[in-house]
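Respectively, the protein sequence lines represent chains A and B.
239 is the number that this note's numbering gives to position 239 of the first sequence; each next residue is one higher, with no gaps.
For any residue, its number in this note's numbering is found by taking its place in the second sequence, counting from 1, and adding 301.
Just so you know, the hints here were simulated from the structure itself, not pulled from any lab data.
Be aware that one or more of the hints could be misleading.
Just some of the chain A residues that point at chain B, by a computed CB distance under 7 Å [to be verified]:
id	residue
1	Thr14
2	Glu83
3	Leu85
4	Ser201
5	Asp208
Even glycine gets a Cβ: it sits at the ideal position worked out from N, Cα and C.
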Amino acid sequence: MSTDTSRAAVPSRTAARRASSLLTSKPWLRLTLLLTAPLTWLVLVYVVALAALLVTALWSVDSFTGEITRSLTFDNIKEIATESLYRTVTLRTIGVAAAVTIIDIAIALPIAFYMAKIASRRMQRVLVIAVLTPLWASYLVKAFAWRSVLSDDGIFEWASSKIGMGTPGYGITAVIITQAYIWLPYVILPIFAGLERVPNSLLDASGDLGASAWQTLRTVVFPLLKPAIIAGSIFSFSLTLGDYITVNIVGGANQMLGNLVYTNVGAANNLPLAAAVALIPIVIMIGYLTAVRRTGALENL
Amino acid sequence: MAVSTTDETSAGLTAPSGTAISLRGLSKHFGEVRAVDDVDLDIADGEFFSMLGPSGSGKTTVLRLVAGFEQATSGTIELAGEDVTSRAPFDRDVNTVFQDYALFPHMSVLDNVAYGLRVRGVKKSVRRRQAEEALGTVQLAHLADRSPGQLSGGQRQRVALARSIVVQPKVLLLDEPLGALDLKLREQMQVELKQLQRNLGITFVFVTHDQEEALTLSDRVAVFSEGKIVQLGTPQEIYETPTSEYVASFVGTSNIFDSATSQRLLGRDGTHALRPEKISISASGTSTRSGGAGVVRAEGVISESIYLGTGHRIHVLLDDGTRLVVLEQSTGAQAQREQRGEKVVASWSLDDLVPLT
Chain A
1 MSTDTSRAAV
11 PSRTAARRAS
21 SLLTSKPWLR
31 LTLLLTAPLT
41 WLVLVYVVAL
51 AALLVTALWS
61 VDSFTGEITR
71 SLTFDNIKEI
81 ATESLYRTVT
91 LRTIGVAAAV
101 TIIDIAIALP
111 IAFYMAKIAS
121 RRMQRVLVIA
131 VLTPLWASYL
141 VKAFAWRSVL
151 SDDGIFEWAS
161 SKIGMGTPGY
171 GITAVIITQA
181 YIWLPYVILP
191 IFAGLERVPN
201 SLLDASGDLG
211 ASAWQTLRTV
221 VFPLLKPAII
231 AGSIFSFSLT
241 LGDYITVNIV
251 GGANQMLGNL
261 VYTNVGAANN
271 LPLAAAVALI
281 PIVIMIGYLT
291 AVRRTGALEN
301 L
Chain B
302 MAVSTTDETS
312 AGLTAPSGTA
322 ISLRGLSKHF
332 GEVRAVDDVD
342 LDIADGEFFS
352 MLGPSGSGKT
362 TVLRLVAGFE
372 QATSGTIELA
382 GEDVTSRAPF
392 DRDVNTVFQD
402 YALFPHMSVL
412 DNVAYGLRVR
422 GVKKSVRRRQ
432 AEEALGTVQL
442 AHLADRSPGQ
452 LSGGQRQRVA
462 LARSIVVQPK
472 VLLLDEPLGA
482 LDLKLREQMQ
492 VELKQLQRNL
502 GITFVFVTHD
512 QEEALTLSDR
522 VAVFSEGKIV
532 QLGTPQEIYE
542 TPTSEYVASF
552 VGTSNIFDSA
562 TSQRLLGRDG
572 THALRPEKIS
582 ISASGTSTRS
592 GGAGVVRAEG
602 VISESIYLGT
612 GHRIHVLLDD
622 GTRLVVLEQS
632 TGAQAQREQR
642 GEKVVASWSL
652 DDLVPLT
């Protein structure tokens, strides 16, 4: 090793260095290499799958043989648009999703506020872990846990009977409670992140200028937090919209859109109709996302 | 807004018509740290008062205690004779201009300025007019409809000022308001702040770590160190007669003579401070000043000479090993004279020595 020069020599041009230098000077090559894999994945998994769903919805099933007829017809779409069953279930599903979203936001706001603005650094870390931990448990286990909690001799009955109430039993209320529990972390985290981005000095300034705590919340915190709240609502709303397991476990005899898809694929052996039903939540979500796009919520996801 | 405008021409303390802020035994502890440690302080109505100190000296915490953002560990805070120690910020007749301006990003400039009126339930037309007036005071009336994100740092600073003065507080607290501005803008804002304070006649409490800013703006200055006020006085008092080595070296530059050096050079006991501009130097051998009574002369060598534009900062190593910093104003002719290694005589008057405790 020659060490007689006072200045380190320029490193020798190895193959790796040459490749790296080529990438530096050719932005299009860099872009191609970076984007090929994810774009392939995106096109195959999302675009093709969605297109396949749409096409399947336009097929039909031969009622005699049970074979799929691959000719395009709007019969399935007409059926879900006119049949009252689908309208009822759609409205019920939207109602449940909306209730879950509202409950989750109401619970998430104070928790997130405490985490972001009041708790010490240490406490904050503990709480973030506490919020995330339930996500490690299986969805099924959590739903069954609530089935046990809400049963006639469950802990809910035992606790609420002391104040003269009882378990709501299995039904829509139980579905809402269970779903609100399961999706809560997805609502807390974006609101927490949103609150962390609101400088404390804004809250100080508002109080300093004479605003009460409530006025500060209403005029400063909420407007700044709106995108984060909507971001959280996109999670809870869309995840509830597609659920069919919770409603099977704690929903009693009630059905949601997911159940209709499930029974049509399985028991009824009508894949085209199932695809048509599956389009309903997709259309609802596209409508919802379009409506909130303007608020900047999509940058908060 | 009751303001007694006593026409004071001297740069000294304006005659106080009352006490705006009175702190007694004020302490704030964060765990083991005593951020504010037993502070007693009275600030007069209409005074421009500065709290000066390095970061972590407790000056900002005092401000936050007065504003109500922090609760005191012990002690009392009185505003205009009223005990507000345990009141919420919105119940105190003081307003704060924040270091980061804290403008609401989702509101227009006008809505920001009108915010204090809005939460007080002032009618929309009235608050609009008053907010426009306040914006006019800071020369920003033409930017009322912009959003804060579209403004420059200096403009945001003015909006923050307008937002605070529109609610006519008795006391305005300013937390390093000029810290984020560049030098030119800072000097301009200093002048405007001073004028604004004079025109409004309200008490300004100004927190800064910039000693020059504190000296040029204030009626009185409190120098903070480790949660305590180490010296309180007019800018002249702080600069000309610092009482401690800490103040002597934090406010401006000082030559500090410890007791051994004082004894040797000056024949006096105790530690002394000497401002660099009080020392004059002349080439060794030439006797420009008669060594009369009360003048100390010491020989040495120039170890460094730094050109400052307005003059030179010259480091002199005296023959006994003492290092001196000398500030020499340019008068034209002598500008080229001082060279490194040149033998010189430094001389100063004994009257200019400040004894430190």
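Tested hints:
| no. | hint | result |
| --- | --- | --- |
| 1 | Thr14 | violated, 46 Å |
| 2 | Glu83 | violated, 46 Å |
| 3 | Leu85 | violated, 45 Å |
| 4 | Ser201 | holds, 4 Å |
| 5 | Asp208 | holds, 5 Å |
Hints 1, 2 and 3, counting from the list given before, are not met by this structure.
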